[in-house]
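Protein sequences, first through last, are from chains F and W.
For the first sequence, our numbering assigns the number 17 to the initial residue and increments by one for each residue that follows.
For the second sequence, our numbering assigns the number 17 to the initial residue and increments by one for each residue that follows.
Derived by calculation from the structure, the hints in this document are not laboratory data.
Wrong hints could be hidden among the right ones.
For chains that are exact copies, the list does not tell them apart, and a pair is met inside one copy or across any two.
[To be verified] Derived DSS-like pairs: lysine-lysine, alpha-carbon spacing no greater than 27 Å straight-line:
1) Lys490 <-> Lys148
2) Lys422 <-> Lys611
3) Lys332 <-> Lys381
4) Lys245 <-> Lys648
Protein chains: 2
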Amino acid sequence: MKTHAVAGALSSLLLGAPLARAEEGMWTFNRFPIDRLERALGLKIDEAWLDHVRLASARLAQGCSASFVSPDGLVMTNQHCVNDCVQELSTAKKDLVADGYSAKTQADELRCTNLEVNRLVGMTDVTPRVMKAAEGKSDADANEAKKAEMSRIEKECATSDAVRCDVVTLYNGGVYDLYRYERMQDVRLAFAPELAIAFVGGDPDNFMFPRHDLDVAFVRVYQNDKPAKVEHWFGWSPAGTKEGDVTFVSGHPGSTSRLQTVAELEFWRDTGLLPRLLYLSEMRGMLVEYARRGKEQARHSKGLLFGIENYLKKLKGEAQALFQPALLQAKRITERALRDKVLADKAMGAKFGGAWDTISKAVAKASDIVDRHAMLELAAGFGCDLFDFARTLVRAADEIPKPNDKRLREFSDGRLPALQMALFAKSPVTPELEILRLSFGLSKLREALGPDDALVMEVLGNAAPDQLAARVVKGSKLGDPKVRKQLYESGAAGIAASKDPMIVLAKLVDAPARAVRKRMEDEIEAPIKKGHELIAQARFGLEGTSSYPDATFTLRLSYGAVKGWQEGGRTIAPYTTFGSTFDRHTGADPFALPKSWLAKKGELDFATPMNFVTTNDIIGGNSGSPVIDRDKRIVGLIFDGNIHMLGGDYGFDPALNRAVAVDSRAILYALDKVYGATRLVAEIRAASQR
Amino acid sequence: MKTHAVAGALSSLLLGAPLARAEEGMWTFNRFPIDRLERALGLKIDEAWLDHVRLASARLAQGCSASFVSPDGLVMTNQHCVNDCVQELSTAKKDLVADGYSAKTQADELRCTNLEVNRLVGMTDVTPRVMKAAEGKSDADANEAKKAEMSRIEKECATSDAVRCDVVTLYNGGVYDLYRYERMQDVRLAFAPELAIAFVGGDPDNFMFPRHDLDVAFVRVYQNDKPAKVEHWFGWSPAGTKEGDVTFVSGHPGSTSRLQTVAELEFWRDTGLLPRLLYLSEMRGMLVEYARRGKEQARHSKGLLFGIENYLKKLKGEAQALFQPALLQAKRITERALRDKVLADKAMGAKFGGAWDTISKAVAKASDIVDRHAMLELAAGFGCDLFDFARTLVRAADEIPKPNDKRLREFSDGRLPALQMALFAKSPVTPELEILRLSFGLSKLREALGPDDALVMEVLGNAAPDQLAARVVKGSKLGDPKVRKQLYESGAAGIAASKDPMIVLAKLVDAPARAVRKRMEDEIEAPIKKGHELIAQARFGLEGTSSYPDATFTLRLSYGAVKGWQEGGRTIAPYTTFGSTFDRHTGADPFALPKSWLAKKGELDFATPMNFVTTNDIIGGNSGSPVIDRDKRIVGLIFDGNIHMLGGDYGFDPALNRAVAVDSRAILYALDKVYGATRLVAEIRAASQR
């Protein structure tokens with residue numbers, strides 16, 4: 017057929033298709049294709065292998081991956097995953113982000129008040145129960161009923177604060193799995209290198225392999241003020257990898273859109289991307305200039321700037337993929353093929369044939385409210401930490417008194433421990449930066465909704481955004497975690513009585529924000545979910561669960577190999593070395609190596625591998641994932657992808673997509689030779705022997 | 017036919033089509049459709065009418081429109097068109113932008129060293145001569161040959177520095193007309209109101225009618241140090257307009273893309289728009305924060321910020337139009353229809369049928385070099401005034417010794433007076449802001465070409481963008497117009513010997529910049545021009561010159577009427593008043609009226625019309641255009657369009673597109689009652705009697 021001929025020509029773009037290519041796939045551990053792996057690589061793994069890898073893997077609840085590397089709760093992740101904590105532990109006098117930190121003794125390990133480590137201890141399919149709750153209901157009511165049922169299931173499961181339970185939506189609504197995590201909230205910093213070596217090349221090099229970064233950090237999980245004992249951890253590979261070696265990545269990819277329909281992708285391309293790109297670009301320019309106010313301002317705004325630049329690059333990568341006509345054209349063809357198959361069967365056609373139109377219609381409606389939703393409910397129109405605290409406090413007072421299954425999902429009992437941790441964390445809040453951010457948010461609010469919008473007029477009154485932001489931030493006491501705790505415990509009466517100007521602002525905005533959220537959930541989200549549920553069922557009917565679900569910040573395993581790639585007539589080699597790292601040094605930020613490295617330059621073996629690339633299928637959220645060999649031993653640490661990986665949101669191209677990792681040999685060698693972190697080196701070596 | 021049925025349904029988008037709707041069209045004065053106007057409005061104008069209007073109209077060479085309003089060389093335009101001059105005349109102690117300026121006597125009128133007024137005194141068709149020069153040549157050579165011939169024609173025409181001659185490309189290459197202008201370079205500021213009333217609502221209100229702005233300024237043209245005597249000027253209408261009245265706009269729309277092919281529009285949508293939007297957004301954020309460094313920084317960066325915000329809104333408007341599938345769909349249909357007509361005739365098909373593919377192929381090639389071209393040749397990678405001066409000086413030394421017709425076009429003899437005026441203008445250059453801009457430019461250069469690009473490495477060396485920018489700006493003497501004049505006159509030897517670091521930078525970049533310009537001209541521009549020339553000839557063959565050419569910053573006449581519009585179920589009334597202007601006052605910038613207005617509030621007639629909208633077809637560059645009635649009398653002053661006007665780049669929708677003008681009654685009333693500018697009021701009134 018003609019469509020298939022074209023599909024063949026575009027095959028490198030046909031992703032999320034049932035027969036995924038060798039390396040493609042972010043597989044769940046309970047539906048891992050053991051046979052497929054054996055066929056592809058001649059390598060047989062078993063359930064015990066999978067269980068060990070899963071239980072030695074970890075997640076930082078704030079949005080990264082990690083792994084246990086010793087029986088004493090030592091956890092490896094990226095410096096950039098714990099940068100917020102390192103910044104939180106810094107002061108104007110002692111800048112641990114710039115200087116790095118290495119705890120000489122265990123007693124020197126420093127508490128990160130906003131870090132939570134999760135370990136996935138169980139998975140149960142709860143699809144029938146969730147589906148049953150929605151039976152016979154309208155789309156909007158079904159959506160509500162499912163959420164309520166998910167909250168009930170989570171509450172039943174979360175028997176203590178040490179357990180976190182999430183009902184996870186997989187295959188865009190085709191499957192609901194209950195994920196049970198061990199939750200560890202006492203996390204302490206053991207080692208982080210200087211930012212200058214963790215992030216060599218800064219934003220210019222980010223996502224642009226070759227890279228030369230020691231983006232590693234070690235934290236330790238404590239229980240009862242003692243290092244937590246764990247039964248599963250990864251040992252170090254004695255030899256590391258060479259080109260062509262098989263690699264596994266076990267981590268938590270955050271989100272992909274490979275199963276989205278063409279209508280959804282076009283909507284994101286035409287309506288969603290641009291406002292976000294412009295918002296972030298403007299914020300970036302503002303922060304770069306803000307940092308010039310002084311050294312202290314540069315220090316306290318750096319983490320925020322990196323986050324924005326990172327997200328900007330991710331969105332630019334998505335834009336690059338979506339503005340290539342080939343990608344959407346290929347998606348159109350696969351979508352058409354699936355629809356045709358469904359329609360070819362009368363019963364399936366009747367049941368599932370309308371699913372795509374259901375989604376298209378909902379998407380078309382979204383353009384009316386998407387800006388308002390982003391500004392009010394996603395709080396882009398306020399955009400600062402203090403407002404987020406205030407919003408949480410105001411809503412907690414409303415929501416917590418309700419029955420668990422009637423609350424907004426983020427206030428359900430199963431979620432409260434993480435919410436409280438974030439709310440009461442001791443992370444410093446900088447009023448000067450908060451004023452900048454709130455002023456920016458307010459100016460965007462006015463820009464998006466117009467100066468004549470009733471809410472904009474009510475919010476701003478006769479003030480300019482700068483004036484209002486200064487007044488509200490300076491008047492607010494919410495920067496103090498004790499004040500937040502008091503207010504949280506004071507309940508609805510306390511919030512109603514509060515004159516804190518940030519609370520007052522959050523109260524003013526709350527009803528309109530909830531209103532637009534409700535519209536978004538009932539009119540857009542509900543039919544889209546319904547449509548996807550039908551598509552997933554149709555696909556299961558035709559193909560079974562032979563494919564993997566889109567990423568959802570849940571644990572996934574991908575397999576691949578160490579391999580460079582070809583581009584623009586050039587071959588990009590898979591490894592960089594200590595030598596090429598020193599070549600990158602110009603002396604000017606972000607290409608200036610730290611003093612510690614420059615001092616040891618003469619003593620280091622320049623041939624030591626620094627970073628390498630693999631064909632593993634990853635996406636944002638995989639940062640901090642261990643790269644392991646077939647024997648479950650650490651050979652690397654994911655910290656980046658190449659620029660093509662960003663388009664991986666929509667599909668995987670084995671010729672171009674690459675994961676980027678710190679080499680395990682670089683980590684141990686630098687800990688030993690550059691940092692003299694003999695305590696950790698000994699611990700890791702000992703753990704590798706057991 | 018099916019295509020025509022669809023075209024009918026999309027009729028409001030079918031623009032640039034041969035049978036333009038009543039109001040559509042930016043007509044040239046030498047091909048004005050007198051009969052068509054008579055049929056549409058029952059109004060008969062003649063050549064004398066057209067000649068008078070043309071000769072009383074004017075252009076600010078820097079990019080705005082204007083008109084003569086007295087026999088003593090008094091010229092009316094917008095405050096925002098002369099804002100650069102007003103800023104140039106300001107100091108830290110006397111901020112004329114904020115405070116406004118009103119010359120009590122003629123002797124108080126202040127010279128604007130960077131303003132040139134042009135009046136169109138002749139138009140000649142030189143198409144055959146230009147075409148002949150290119151006969152039998154390849155696309156790239158033909159492109160070169162035409163440019164050389166244009167330079168020759170211009171040189172023959174420009175018999176003195178008081179004459180400016182431009183060969184203008186119309187119908188994207190279908191017609192070449194020689195435009196002869198009277199050039200007036202001694203221009204002095206007579207009146208400008210406070211920015212707070214010229215730009216009420218600032219960026220939030222820009223392009224968002226209803227508006228309430230007294231965006232007017234008066235300058236006077238001098239000859240031999242005396243007010244220039246002119247024979248053509250516009251008198252003031254005694255009564256102004258009412259809803260439904262016919263209006264003409266005579267001005268200089270800058271650029272439209274209505275005749276571009278679908279391939280060109282898609283390229284702009286997918287490749288051109290986004291990088292520009294992101295660049296400008298980031299620069300905007302940086303400038304907003306830069307202005308917080310202090311009052312003086314806010315003052316000297318304000319004009320730049322407004323320019324960026326204005327351009328950003330324009331590009332957002334274009335994005336909004338191009339991301340609507342309907343617009344491109346309609347374009348596809350009209351394009352297909354024209355191609356089909358061409359192909360239906362064998363001879364035409366053979367000659368013109370390949371034109372569209374020629375363009376598509378050239379456009380496809382552009383993506384390889386468009387970023388490099390923007391960064392190096394358009395100097396986005398440097399982005400500051402001092403670099404622009406240096407570039408001009410370096411190239412002038414290379415170009416001017418060449419024969420006129422071998423030079424880059426901007427250095428041809430006909431263009432040198434304007435170039436010298438800009439180069440030697442006394443406009444102050446602020447090193448602090450220049451450092452910011454250059455640093456930003458350099459960081460974008462590195463971002464666009466990558467840190468490993470050979471030129472980027474050569475430019476930056478071991479420095480960060482901030483460091484290099486500070487060093488180069490602080491070391492450069494080019495801020496001094498006398499130094500620039502000296503260097504200009506020192507010729508190639510002087511430039512070669514110069515150690516000024518900005519000159520050194522410009523020399524370093526010049527060869528790569530010229531190389532990418534040459535590729536752009538030979539490989540992209542030449543075939544695109546060839547294709548358009550063929551399309552234009554095909555269209556003339558089929559339809560004659562019954563349509564108008566795309567805007568090219570040449571004088572055009574459009575006709576329309578005072579008329580509001582319907583949108584989202586609301587009716588937007590055509591007039592605002594002094595009353596609604598006071599309603600807009602909140603007290604906070606940009607919604608704070610100036611003291612002068614607040615002081616007179618009690619004495620003013622609130623019913624006085626302030627701004628109004630018409631259906632005239634305008635675009636950026638029309639700012640400052642007179643709005644005149646059928647009797648050639650001033651009834652308003654264009655300063656803005658509504659948000660739909662921005663999509664007018666691609667087509668005109670009579671239901672939605674609106675031009676926005678200051679009411680002539682507001683101007684005289686405010687001059688008189690608010691500013692006591694009795695001298696100007698008397699001059700305008702007297703001129704209206706003659």
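Hint numbers not upheld by this structure, sorted from lowest to highest: Violated hints (numbers, rising): 1 and 2; every other hint is consistent with the structure.
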